[in-house]
Every structure is written in C-alpha cells, then in structure tokens.
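Asks: Below, each chain spelled out in residue letters.
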Amino acid sequence: MSDTVKQDYAVIGKSVPKIDGREKVTGAARYTADLKFPNMLYGKILTSPFAHARIISIDTSEAEKIPGVRAVITHKDAPTLKYGISPARWDENIFCIDTVKFVGDKVAAVACIDEQTCYKALAAIKVEYEELPAVLDPLRATEEDQPQIHPEFVRNINAEIHQDFGDVEAAFKEAHYVRTDTFVGNRTYQTPIEPHTATSMWDGEKLTVYSSTQSPHYFQYYIAREFGLPMGDVRVLKTYVGGGFGGKLEPTGLEFGGAILAKITGRPVKMFYDRAEMFAHNRGRHRQYMTITSGVDKDGKILGVHADFVMDGGAYTSLGIATAYYAGAMLTLTYEFDNFRFDMLRVYTNLPACGAQRGHGAPQPRYAFEAHLDNIAKDLGIDPMDIRILNARRPNTTTPNEFLVNSCEMKACLEKAREMSGWDEKKGKLPKGRGIGVATGSFVSGAGYPIYRTDLPHAAAMIKVGEDGTSATLYTGATDIGQGSDTVLCQMAAEAMGYTYEQMKIVAADTETTPHDFGAYASRQTLMSGAAVKQAGEEVKTQMLETAAEMLDFPTVDLDIRSGKVFSPGNESVTLTFEEVARHFFVNRGPLVGKGSYTPPKLGGKFKGAAVGTSPAYSFAAQVSEVEIDEETGEVNVLDVWDVHDCGTVINPALLEAQVHGALFMGLGESIWEEVKFDDKGRIANPNLSEYRIPTAMDMPVVHSALVDSYEPAGPWGVKEVGEGATLPTMGCFRNAIFDAMGVSINSLPLGFEKVWRAMKEQREEGAAE
Amino acid sequence: MFLPDFDYHAPETLAEACDLLRDLGPSAKILAGGTDLLIKMKHGLVTPRAVISLKALDELKTITHVPGRGVVIGARATHNDLVNSPVLHEHFLSVSEAAHKMANNQIRNRGTVGGNLVNAIPSADLPPILIALDAWITLVGSNTSRTVPLHTFFTGPSCCVIDPVDEILTEIVLPDQPTTGSTYLKFGLRRSGALSVTGVAAAVTMDGDTIVDSRICLGAVFPVPVRAHDAEDVLRGKTWSDELLAEAGEAASCCALPITDIRGTAEYRLDLVRVLTKRALKRAITEGHV
Ligand SMILES: Cc1cc2nc3c(=O)[nH]c(=O)nc-3n(C[C@H](O)[C@H](O)[C@H](O)COP(=O)(O)OP(=O)(O)OC[C@H]3O[C@@H](n4cnc5c(N)ncnc54)[C@H](O)[C@@H]3O)c2cc1C
Numbered sequence: 003m004s005d006t007v008k009q010d011y012a013v014i015g016k017s018v019p020k021i022d023g024r025e026k027v028t029g030a031a032r033y034t035a036d037l038k039f040p041n042m043l044y045g046k047i048l049t050s051p052f053a054h055a056r057i058i059s060i061d062t063s064e065a066e067k068i069p070g071v072r073a074v075i076t077h078k079d080a081p082t083l084k085y086g087i088s089p090a091r092w093d094e095n096i097f098c099i100d101t102v103k104f105v106g107d108k109v110a111a112v113a114c115i116d117e118q119t120c121y122k123a124l125a126a127i128k129v130e131y132e133e134l135p136a137v138l139d140p141l142r143a144t145e146e147d148q149p150q151i152h153p154e155f156v157r158n159i160n161a162e163i164h165q166d167f168g169d170v171e172a173a174f175k176e177a178h179y180v181r182t183d184t185f186v187g188n189r190t191y192q193t194p195i196e197p198h199t200a201t202s203m204w205d206g207e208k209l210t211v212y213s214s215t216q217s218p219h220y221f222q223y224y225i226a227r228e229f230g231l232p233m234g235d236v237r238v239l240k241t242y243v244g245g246g247f248g249g250k251l252e253p254t255g256l257e258f259g260g261a262i263l264a265k266i267t268g269r270p271v272k273m274f275y276d277r278a279e280m281f282a283h284n285r286g287r288h289r290q291y292m293t294i295t296s297g298v299d300k301d302g303k304i305l306g307v308h309a310d311f312v313m314d315g316g317a318y319t320s321l322g323i324a325t326a327y328y329a330g331a332m333l334t335l336t337y338e339f340d341n342f343r344f345d346m347l348r349v350y351t352n353l354p355a356c357g358a359q360r361g362h363g364a365p366q367p368r369y370a371f372e373a374h375l376d377n378i379a380k381d382l383g384i385d386p387m388d389i390r391i392l393n394a395r396r397p398n399t400t401t402p403n404e405f406l407v408n409s410c411e412m413k414a415c416l417e418k419a420r421e422m423s424g425w426d427e428k429k430g431k432l433p434k435g436r437g438i439g440v441a442t443g444s445f446v447s448g449a450g451y452p453i454y455r456t457d458l459p460h461a462a463a464m465i466k467v468g469e470d471g472t473s474a475t476l477y478t479g480a481t482d483i484g485q486g487s488d489t490v491l492c493q494m495a496a497e498a499m500g501y502t503y504e505q506m507k508i509v510a511a512d513t514e515t516t517p518h519d520f521g522a523y524a525s526r527q528t529l530m531s532g533a534a535v536k537q538a539g540e541e542v543k544t545q546m547l548e549t550a551a552e553m554l555d556f557p558t559v560d561l562d563i564r565s566g567k568v569f570s571p572g573n574e575s576v577t578l579t580f581e582e583v584a585r586h587f588f589v590n591r592g593p594l595v596g597k598g599s600y601t602p603p604k605l606g607g608k609f610k611g612a613a614v615g616t617s618p619a620y621s622f623a624a625q626v627s628e629v630e631i632d633e634e635t636g637e638v639n640v641l642d643v644w645d646v647h648d649c650g651t652v653i654n655p656a657l658l659e660a661q662v663h664g665a666l667f668m669g670l671g672e673s674i675w676e677e678v679k680f681d682d683k684g685r686i687a688n689p690n691l692s693e694y695r696i697p698t699a700m701d702m703p704v705v706h707s708a709l710v711d712s713y714e715p716a717g718p719w720g721v722k723e724v725g726e727g728a729t730l731p732t733m734g735c736f737r738n739a740i741f742d743a744m745g746v747s748i749n750s751l752p753l754g755f756e757k758v759w760r761a762m763k764e765q766r767e768e769g770a771a772e
Numbered sequence: 046m047f048l049p050d051f052d053y054h055a056p057e058t059l060a061e062a063c064d065l066l067r068d069l070g071p072s073a074k075i076l077a078g079g080t081d082l083l084i085k086m087k088h089g090l091v092t093p094r095a096v097i098s099l100k101a102l103d104e105l106k107t108i109t110h111v112p113g114r115g116v117v118i119g120a121r122a123t124h125n126d127l128v129n130s131p132v133l134h135e136h137f138l139s140v141s142e143a144a145h146k147m148a149n150n151q152i153r154n155r156g157t158v159g160g161n162l163v164n165a166i167p168s169a170d171l172p173p174i175l176i177a178l179d180a181w182i183t184l185v186g187s188n189t190s191r192t193v194p195l196h197t198f199f200t201g202p203s204c205c206v207i208d209p210v211d212e213i214l215t216e217i218v219l220p221d222q223p224t225t226g227s228t229y230l231k232f233g234l235r236r237s238g239a240l241s242v243t244g245v246a247a248a249v250t251m252d253g254d255t256i257v258d259s260r261i262c263l264g265a266v267f268p269v270p271v272r273a274h275d276a277e278d279v280l281r282g283k284t285w286s287d288e289l290l291a292e293a294g295e296a297a298s299c300c301a302l303p304i305t306d307i308r309g310t311a312e313y314r315l316d317l318v319r320v321l322t323k324r325a326l327k328r329a330i331t332e333g334h335v
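From first to last, the protein sequence lines stand for chains A and B.
All letters in the first sequence, in the order written, are residues 3 to 772 by the working numbering.
All letters in the second sequence, in the order written, are residues 46 to 335 by the working numbering.
Since the hints were made in silico from the structure, they are not lab data.
Certain hints may be false.
Stated by the list, open to error - DSSO-like mimics (lysine-lysine), calculated; alpha carbons at most 27 Å apart, straight line:
no. : chain 1 : residue 1 : chain 2 : residue 2
1   : B       : K87       : A       : K128
2   : B       : K327      : A       : K763
3   : A       : K679      : B       : K87
4   : A       : K683      : B       : K327
5   : A       : K128      : A       : K265
6   : A       : K300      : A       : K431
7   : B       : K74       : A       : K683
8   : B       : K87       : A       : K67
9   : A       : K507      : A       : K20
10  : A       : K679      : B       : K85
11  : A       : K122      : B       : K74
Given the sequences, and given the hints that come with them, work out the whole structure.
Replies: Here is the structure:
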C-alpha cells in the first residue's frame with residue numbers, strides 16, 4: 003500500500019457539477035466561432051493542391067477585383083521568419099515562398115465581407131505550379147533517389163535519436179529467450195468537435211487574438227516572435243473550447259494569416275478551418291514503424307529491450323521532435339528493466355505534418371510493446387497477466403532513462419483488473435470467438451520542461467476575494483478545453499482557502515488578465531496548475547486567519563476555516579463567516595489577494611533528449627478488455643473494458659471517470675477504425691467524419707472504471723494525471739484480446755474488421771496447407 | 046462549404062410540382078429530405094438554379110395498407126416514418142428494421158425513401174429489401190403516370206429510369222404476397238452512421254421446410270442493387286438446411302461484381318456476400334416475419 007495521507011476534505015474529492023456545465027448544456031456557451039465583432043471580416047486560406055510543387059507565380063489581381071474582397075495576401079505580405087512549436091526545428095513559413103510541401107500547404111489568404119465571397123476570391127487567385135516528385139512512403143524517405151523536401155535536412159531526416167542505457171547486448175546474451183516483433187501504427191487525427199477558429203484584431207500596435215487554443219501562452223510567445231512584437235502587445239485568450247487533444251497547441255495559419263489580414267484591413271478578421279481543412283492542417287498522431295526486441299529470463303522477467311522505430315513526420319516538424327523522444331522514453335515506465343536501447347528516425351514526407359495527440363508519442367509504441375510481451379508470454383507458456391505482474395514497476399524506483407518514479411501502484415492496478423474482469427475464470431476458458439486481453443500504460447503528470455527553453459514557472463495563479471466576501475475569483479492561465487480544469491481548479495482553490503466551490507468564479511486562459519501558465523498539454527494542469535492554485539488559496543487563508551484572529555482577539559494558530567466558516571477546533575463559541583472576515587480585511591487593508599506559482603524540481607539525466615518524459619509524477623493504469631470476433635466477417639465487438647488507474651488523489655471523481663471514458667473512446671477509435679488515408683498523389687482520401695470513422699455511442703463497450711489507493715508526494719494533495727494515460731493501454735489491450743480470441747496477431751493499426759478477416763483467412767489457409 | 050444561391054419553390058399540389066419541374070427544365074432539382082442533395086450542392090457536384098421542395102405535399106408522406114394492392118408508402122416518408130409505421134410492423138416488419146439500420150437518428154428524421162431510391166447509389170440500404178419484396182413504384186409526370194418494377198428502376202451508380210425533367214416518384218407499393226419471411230442484413234464498419242460495405246436482403250416463401258420461392262437482392266456489390274438469381278435457383282423447391290444455405294451463399298457471390306474502395310476490397314465484399322446471404326436466408330426462414 004502507498005503511504006496514503008487521507009484527510010477529510012470539504013471540497014475536493016467530490017463530484018461537484020462542472021462550473022460551465024449549464025452554459026454548455028443550454029447552448030448559451032459562446033465558442034470562438036460564435037463571437038462577432040463590429041466590422042468583422044471573414045478570412046480563408048488558399049492551400050496547395052499538390053503534395054510537392056514549385057510555385058512559379060501567384061496572381062491575385064482578379065481576386066482583388068471581386069466586390070467584397072478587402073485583402074488578398076501571399077508570402078510577400080508576411081514575415082518570412084520560420085516558425086514551429088519545436089524550437090529545435092523551425093521549418094514552417096506563414097505562406098509558402100518557393101515550394102509547397104503537402105496538399106494543404108498555405109499559399110495565400112483573403113479577407114472578405116462574408117464567407118461566401120472568400121470562396122469566390124480563393125477561386126480567382128491564379129497560382130502556377132511546377133509539380134515535383136513527392137515523398138509519400140516514409141520508409142523510403144531517406145533513400146538517395148528520393149526528392150529532398152527541406153534543403154537543410156539531408157535525406158529527409160528530421161530527427162535521429164540513439165539512446166543507450168545499460169548494456170542491451172549483454173542482456174540479450176544472458177537471456178533465456180530473445181524475440182523480435184515488428185508493428186506498424188496508423189496516422190490518426192485528433193478530431194475535436196470544435197473546428198479551429200481565430201479572430202484577430204489590432205488596436206494600434208497591440209494585437210488581440212481570440213483563439214480556440216490549448217495554450218494561450220505558446221500562442222502569445224510564437225505570435226509575438228513571428229511579428230517581432232513585445233509579448234505584452236499580444237493578447238491571446240479563449241472562450242470555450244470544444245476539445246483539442248494536442249491539435250490546438252500551436253498557432254496556425256489562422257492566427258498568423260489573420261493577424262496580417264487584420265492589420266492590412268484595420269478590421270477584426272475571423273478565420274476558421276472546416277472539417278476537411280482540419281484534417282489537412284493535421285498535427286495528429288504520427289504513424290510509427292516499430293521493431294522491438296526483448297530478452298527475458300526463463301520466468302519472463304524482462305532483462306533488456308531494444309526499440310528501433312521510424313516515424314512519418316509529414317512535411318513539417320510541429321511538436322514532432324518531442325513526439326519522437328516520447329515514443330521511446332515512455333516505454334521504460336510500466337515494467338522494470340535495466341537495459342534499454344532506443345533508435346528512432348523521424349522522417350519528412352510530403353504529407354500533412356504530425357504532432358502531439360493524446361498520449362503523445364507513446365500509445366503506438368505501447369501497443370507494440372504490449373503485443374510483443376503477449377507474444378513472449380505465449381512462447382514461454384506464461385499467463386499474460388502473470389508476466390506483467392512479475393515485471394510491474396514498483397514505487398520509488400528510477401527507470402533506466404533516469405525518470406524518478408515516486409508513487410506507483412502498477413502491480414495493484416493489474417491485480418485489481420485481474421479480479422474485476424474475472425481474468426482467471428476467463429483466460430483460456432472463453433468460447434471460441436471470444437477473447438480477453440490485458441495491457442498497461444503510464445503517463446507524465448506534466449512535462450518536466452517547457453516546450454521552449456525558459457525559466458518561467460510552469461504555472462501561476464491568483465485569487466481575488468470579492469470585497470464583501472460572497473465570492474472569490476480564481477485567475478489562472480490554465481486552459482479548460484472541455485476536460486474540466488476550471489472546475490477542478492476552483493475546487494482546489496476553495497479547499498485551500500476554506501471556502502465553498504459554489505462561491506468560486508474563474509477567469510482563465512487570457513494572457514492579459516490571468517497569470518502565466520503553459521496550458522493544457524502533457525496532462526499537466528491538475529498537478530502543476532493545481533499546485534499554484536493551492537499556494538494562492540493558502541495565502542488567502544493565512545491572511546483570513548490573521549484578520550479573524552485580530553477581529554476575535556484570538557491566537558491565529560487556534561483558528562481554522564472550512565467551507566466558508568471560521569472556527570476554532572474545540573471552542574464552539576468562536577465563529578465568524580468568511581464574508582465577515584473578508585469584508586473586514588478589505589475595509590482595513592484593501593484587496594484580499596493570494597498568489598501562487600509552481601516550478602517543478604530539476605529532473606532527468608544528462609544525455610541527449612533526457613528532458614523528454616521527465617515529470618514530477620507518473621500515472622499508471624491497467625486495462626483488460628473482452629472482445630467477441632465474428633469468425634466469418636472479422637467484425638470486432640468490444641464487450642467490456644475494465645480500466646484500473648493509479649492517478650493519486652482524485653479531485654473530482656465524475657470528471658475523472660469522464661476522462662477514462664473519453665480516453666477509451668479515442669483509444670477504441672484508434673484501435674479499430676481511425677486512419678487517415680491518402681491517394682497516390684498525397685491527397686487525403688477521407689477528410690470527413692463519414693469515412694474517417696470515430697466510434698459512436700453505439701460502439702462503446704461497457705466501461706468499468708476503478709481506482710487503486712495512491713498518494714503522490716509531488717502533487718498538491720497527492721494528485722497525478724489521468725487525461726492522457728488512459729489512452730495508452732487500449733490499443734495493445736484490444737490486440738491482445740483478439741490474439742486470445744482467434745490466435746491471430748494483427749501487427750498493424752487499426753485492427754479493422756477486414757484486417758481481422760484477412761488474418762483469420764490466412765490462418766485457415768496455412769492450417770489447410772500443413 | 047457553402048450552398049450556392051438558388052430559387053426555392055414549395056408547390057402546394059403534385060400537379061403544380063410536376064408543371065414546375067417541366068417548366069424549369071434541367072436547371073431544377075426535386076428536394077425531399079435534402080440529406081443527399083444539399084451535400085452535393087455544397088460540394089458543387091450539382092448546381093441547380095431552382096429547387097422544388099416536396100414539403101407541402103403531405104399526401105406523399107402516408108403509409109397505408111390498401112387491400113388488394115398492398116402497402117403503399119409515400120415517397121416522402123422518412124426513414125423514421127418507416128421505422129415507426131404500425132402498417133409496416135404488421136405487414137413488412139423487415140422494411141422497418143432495414144430503415145432502422147440506416148444512417149443515424151438525425152438523418153433518419155429527414156432522409157426519405159423516395160430520395161434514397163432516386164439518389165440511386167449502389168450502397169443505399171432500402172433498395173435491396175424493397176426489391177426482395179417485389180416492390181414497384183409510381184412515377185408521375187406533368188401528363189403521365191407510370192408504374193415501374195423497382196428491380197428495373199436502377200440503371201447504374203446515381204442513375205435510374207426517372208425522367209429528371211418531368212417525373213416525380215410518388216409512391217412505393219409492396220404488393221400482398223405469399224412471402225413467409227424476409228430480412229435485410231447490413232454490414233457497415235460501425236454501428237451508426239456507416240454506409241454499407243455490403244448489404245443482403247432475402248425474402249422466402251416456405252411450405253414447411255421447403256423453400257417454394259425466394260428473392261435475394263445484393264447491395265453495394267454491383268453498379269445497381271442486383272438480384273442473386275443463381276442463389277435463388279439453388280434454393281427453389283429444396284428442403285432447407287445450413288448446407289443448402291451455404292451453397293446459396295457461394296452462388297450469390299457469383300452474382301456480385303464489387304469494387305475495391307475506401308470501405309473495403311472487392312475480395313472482402315465477395316466473401317461478405319457469401320456470409321450475409323446464408324445468414325439472411327436463415328433469418329428469413331426462421332425469424333417468422335416478413
Ligand atoms: C450522415 C449520413 C448518413 C447516411 N447514411 C445512409 C445509410 O446508412 N444508408 C443509406 O442508404 N443512405 C444513407 N445516407 C444517404 C441519404 O440519407 C439517403 O439516401 C436518403 O434516403 C436520401 O433521402 P432525402 O430525402 O434526403 O433525399 P434528397 O437529398 O432530398 O434527394 C436525393 C435525390 O433524390 C431526388 N428526389 C428526392 N425525392 C424525390 C422524389 N420523390 N421524386 C423524384 N426525385 C426525388 C432529389 O432530386 C435528389 O436528386 C446518409 C446520408 C448522410 C448525410
């Protein structure tokens with residue numbers, strides 16, 4: 003058992019209703035695209051129809067003549083400074099200058115009095131291209147005869163990683179059994195419900211951008227950099243966001259193009275992507291080609307692992323350098339082994355750029371590793387559950403790549419999943435066509451280092467108590483994109499202050515009014531933003547207690563506040579309301595404000611790439627799923643999923659469960675259906691929700707979500723993440739369940755019906771041939 | 046994506062609608078639920094200058110049983126009208142079931158049976174079951190009215206025998222028949238909002254365990270919905286058994302000529318035809334309703 007510090011909390015640990023639930027359910031919530039400003043223009047981007055082509059000329063004269071067109075811009079009107087969210091590789095221009103590098107690359111943009119005129123204007127822009135051969139096969143991208151996409155990146159190598167810990171070769175020599183498997187992932191897209199939108203406007207030299215963003219801070223930083231503005235002259239804020247999942251972490255042509263159009267026209271300009279344009283902009287999951295070799299002893303204890311991967315990056319870097327490192331780094335977490343080698347090539351192709359998607363680089367390698375481990379277990383005659391429990395990471399350990407793991411209930415998660423799912427009654431005993439599989443996952447609770455190098459704290463918060471004490475407002479840069487951080491952080495603020503959740507208000511994710519925070523990515527906000535909020539709340543509480551002590555003429559140390567009541571434990575005659583004390587404070591001392599900030603401790607080793615994957619704390623999860631396979635059609639029916647999580651102290655159980663369900667929904671889609679497909683010209687064949695199939699409610703299995711007791715010393719109140727980690731086990735878990743049901747190994751994602759059908763057919767044909 | 050400008054008409058009578066269609070000529074399009082038409086217009090695939098909505102013609106929305114004629118379904122009946130019709134539940138429950146397998150609830154509330162037929166895409170879900178039940182349809186023009194057996198209606202992907210500048214599809218008739226069981230099996234890639242990879246409808250007339258007659262219609266595996274006559278021949282007059290149905294399944298595959306597309310390969314579809322045919326037959330024989 004972990005060293006659980008259980009307390010009787012007043013506000014946290016409860017499923018309070020979401021702070022914005024009412025607005026969202028009634029339709030009152032106004033998302034970025036709902037905003038209208040006086041004189042607002044509409045903007046659209048003209049994109050490349052070719053995967054790779056030289057731009058010979060662009061003629062905008064006809065477009066400019068169309069009534070209602072207010073501006074037409076190309077690279078000539080834009081800064082030529084290259085940008086990108088990975089500082090290691092700035093390789094993108096606002097508009098293409100010499101060549102276009104994928105179907106969808108940005109070429110020009112228009113601002114018009116209405117949307118319809120935009121389409122007329124786009125159609126009237128004449129671009130002359132010289133089509134070039136394109137790199138469409140990532141596995142061939144580095145070959146000599148392939149076209150060069152970025153002149154400065156020889157053989158289309160965007161990133162090359164070689165990490166070596168311990169002695170893998172020696173481990174393989176010593177091993178009882180060594181096995182190699184190869185798996186291939188799929189290109190998937192985040193598919194947030196809300197399309198990307200940005201409305202930009204200038205007031206003199208100051209730029210304001212309302213954006214559907216996961217991180218106002220990174221937007222502010224990169225927009226300011228691109229236009230040479232002081233950060234103070236760029237304000238980025240959001241209203242409600244309908245999901246991001248990694249796809250809204252970096253500014254796009256909507257912000258960059260919109261800022262230029264707004265400057266030229268002197269009017270607010272609203273830019274947005276439609277569904278097909280979202281798919282083209284992408285920044286979704288990389289497809290990885292994964293070869294894994296492991297050596298185990300005769301009991302199945304893992305001695306060493308070698309991961310040798312290639313990933314298709316698409317035409318630009320986006321956040322892909324981090325993705326590439328994450329792909330290997332996170333493999334060391336759920337099981338203990340000392341020897342690990344990781345080789346990775348991230349290659350450029352003339353396809354849409356890939357970036358960070360829920361779980362970042364980790365889910366596909368996790369699928370590969372969990373499938374690989376089941377193959378080993380089968381070869382050695384070990385129960386897949388046993389081999390995992392045998393190897394499960396323990397608390398207070400260090401991974402070979404130098405991640406410090408504090409709390410870790412991996413083993414307890416597996417044991418609970420075993421029990422809940424009835425594993426022992428089912429494994430090997432289910433009727434033909436039915437199977438059960440298990441897999442694990444682990445994820446960071448916030449990245450140990452920010453995306454660009456800076457010594458800014460990772461999170462900051464401020465709480466201002468209302469003058470009469472009947473409300474308090476939390477100001478935080480943390481970004482609620484639907485996951486519920488506004489709710490959870492208000493719960494935390496109220497808990498720390500001794501206040502009530504119902505009286506909390508929040509102003510969040512506005513670079514001008516709220517203190518700095520890096521935003522919603524890497525599952526960081528509950529731990530990191532939460533730590534800052536806790537500190538701010540405690541600062542309010544201290545001031546409240548001092549004031550109450552003054553008012554009561556009572557020693558501060560004997561007073562406490564809880565749920566808006568000041569009291570003295572053991573002395574019932576002493577009471578004041580929060581309102582009375584807060585008002586007294588304001589009258590005598592001015593605004594009652596608490597501040598907090600959070601910087602993680604220095605983490606990680608000294609080797610190249612050591613920062614990626616570091617975190618103050620790691621979540622752990624085990625999933626078991628039971629599937630039913632139609633032996634004739636290959637249809638995969640997921641019946642039940644049991645998810646057991648170690649995510650530290652839970653602030654809001656309902657929201658936690660919602661994260662597990664949501665992650666599972668996405669994991670299910672990526673496992674069985676989702677795949678962005680291309681034709682032989684690099685055009686997306688399914689940029690729509692009809693042929694890019696995400697699951698529907700009808701496809702969801704029964705989800706049994708459970709927790710194990712855990713307390714994380716590095717997190718406020720012992721918290722850790724849950725948002726992304728729950729996506730990790732899913733793909734491997736389903737693959738293993740299909741493997742159990744039919745004895746066929748599906749070595750590529752998605753595990754689609756036809757693929758399962760074909761694998762069973764080949765199995766039958768092999769059987770017949772023998 | 047934007048709907049281009051067009052003139053909008055909503056005539057009050059069928060005659061008026063037919064006259065308008067004739068007068069406006071090829072630049073006009075009939076609008077029912079719009080779930081196919083409006084998408085094509087947004088993509089610029091069709092660019093009508095005028096749209097004639099059938100929405101005021103309530104007489105095209107009814108589903109009734111006319112003794113001696115059969116069940117008459119108005120062309121404007123929505124998928125959910127088919128799903129919820131007590132008349133269909135009594136006489137042709139499998140049509141309600143087929144309609145329920147289509148699209149999603151929102152689309153089922155708008156999309157109509159007439160639109161599904163005239164749109165004429167090979168993967169449409171209603172044609173197979175309607176053909177298996179020997180449906181015929183009525184096409185009304187400004188001066189004409191004709192009936193067409195549904196199995197001769199389709200001439201190719203997105204093509205049918207309707208005269209687009211004169212005719213309106215008004216009704217689908219499912220004649221009274223000796224059929225004892227029918228069903229439609231749809232194979233889509235998820236449970237809702239998925240177009241068919243393959244669909245198979247079967248209708249059987251049983252005398253005890255003997256298959257007196259059968260009609261099998263395949264969807265999404267041929268340029269038009271196609272009767273699997275070879276499979277029907279295998280069954281005629283025989284006592285049913287799993288082996289016989291499997292044989293019919295094999296025979297049905299020979300009637301299909303599928304393509305490979307984003308939803309599946311031709312090879313997969315052929316095998317699905319085999320599997321779905323035998324399963325559909327078994328259901329039609331054993332389920333106990335038409
Ligand atoms: C998300 C989605 C999912 C879908 N899923 C399915 C599915 O699972 N299965 C399936 O089969 N289809 C599906 N469809 C397609 C579509 O919904 C159906 O084909 C529907 O039945 C079309 O009917 P409608 O009334 O909307 O036709 P409309 O779009 O109004 O018309 C379609 C065509 O028919 C013509 N037309 C319509 N009515 C008449 C008439 N009475 N006389 C003459 N011409 C007429 C129109 O001019 C037009 O050319 C789906 C569509 C969407 C958008």
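Asks: Compare the structure with the hints numbered earlier in the document and write down the numbers of the violated ones, lowest to highest.
Replies: Of the numbered hints, 4, 7 do not hold.
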